[in-house]
Amino acid sequence: MPRTKSKSRSKPEDSSPVSGSLAAFQSHVFAWFATHKRDLPWRESQDPYRVWISEIMLQQTQVATVKEYFRRFTAEFPHVSDLAAAEEQQVLRLWEGLGYYRRARQLHAAAKEIVERYDGQFPQTVDQIQSLPGIGRYTAGAIASIAYGQKAPILEANTQRLFARLIGWDHVLSTSASQKRLWQFAEDLLPDHDVGIFNQALMEIGSLVCTPKSPNCSQCPLAVHCQAYQQGRQDEIPQPKKKIEFIPVTEIALVVRRKNEVLLRQCGQEERWAGLWDFPRFTVANEEELSGVAGQLQEASGIEASLGSHVTTIKHGVTKYRITLLCHEMTYQKGRLRPEAGPDGQPRVWQWRDASHLTDLPLSTTGRKLAKLV
DNA sequence: AATGCGGGGCA
DNA sequence: TGCCCAGCATT
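Everything in the first sequence is counted per UniProt numbering, starting at 1 for the first residue and increasing by one.
Hints listed in this document are in silico derivations from the structure and should not be mistaken for laboratory results. Hints may contain errors.
Think about it this way: if two alpha-carbon atoms lie no more than 25 Å apart in a straight line, the pair counts; the simulated PhoX-like pairs of lysine-lysine are [unchecked claim]: (1) 243 / 334; (2) 320 / 369; (3) 151 / 180; (4) 372 / 213; (5) 315 / 369; (6) 243 / 213; (7) 369 / 67; (8) 369 / 259; (9) 320 / 242; (10) 242 / 180; (11) 315 / 242; (12) 180 / 243; (13) 315 / 372; (14) 67 / 37; (15) 320 / 241; (16) 315 / 243; (17) 180 / 241; (18) 37 / 213; (19) 213 / 259; (20) 37 / 151; (21) 213 / 242; (22) 259 / 334; (23) 259 / 180.
All chains, full assembly: derive it from the sequences and hints.
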């Protein structure tokens, strides 16, 4: 029998996914992490529930921001059954300020599914994990590897950048071809042991060393394996993302008072801040266009009120919108709240709430700022 | 492949 | 200011 071609090409230096040997690469990763690992609250345990909470919170959210949220959340809900039994409003209250509130509602829904379908035991296969709401390929791989030590790859912001530089990938990263290549690379890299530690180490290197701007190549444990570094192209790779075109918007928020109550609205499932409460908000053409606001309020809620003084102006961004939010007081005149179906079958989305008890409600960040002023 | 979804950290 | 962040779901 003639030797096959693949057999004759199976020298280690040919099959290694990185420049240099894979074994050396892996040991460089482990050694660096052993001395540079950060102490983070979710690294104190491998409980899949806690790993899961941290991974959801960390989606598109920086480590520094998540720390306190993670502590509060897991203190309030130590076990998946505690989360499953909670009111969604309480879950959202603990999520308030983190953003991407769909994460919190999907987390809650997944907790219920784990209790009902898996008898409270967190699922153990990648496919089962990924079938839970809010869990995609990255998060499933992270949980499977970190909590269970399974040989599952991960790819997220830090490792995308790191991998692109390691293999000198000078293409736009968001295309499906790039994603396919990078996922394959992530898989080819995996060791046969301590996969969870390995994956976390790669993210940590991406985060602390292989930074977006001015990466610290001189201190990088993987420089010897890095194509971009060897070519002096670490500042060109990865290619910059497409810039977002911001759209300026002017909105008005109304603090409608009736004795010691204020008028609030709960955001519907299909809109921004779903499930959270907010002061009545309307888009206006410009900062002078306030005359129609009373009519818009009456149209939307059934309440008639007279425009009062300007409280404050809040500038904030939501996804691609740059919002200038004009906040005005109003005084209730007459009218009753229009009955309207709420997010989860609640009788209405409009409610009068005691102004001194707004701390219990989940509010949007601008809503919270405004609530503190009034 | 493109879009919606938040808010804050940081140079 | 602008860029970026341990992504996911939908279209």
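Problem - Earlier hints that do not hold, by number - result: Numbers 1, 4, 19 and 23, in rising order.
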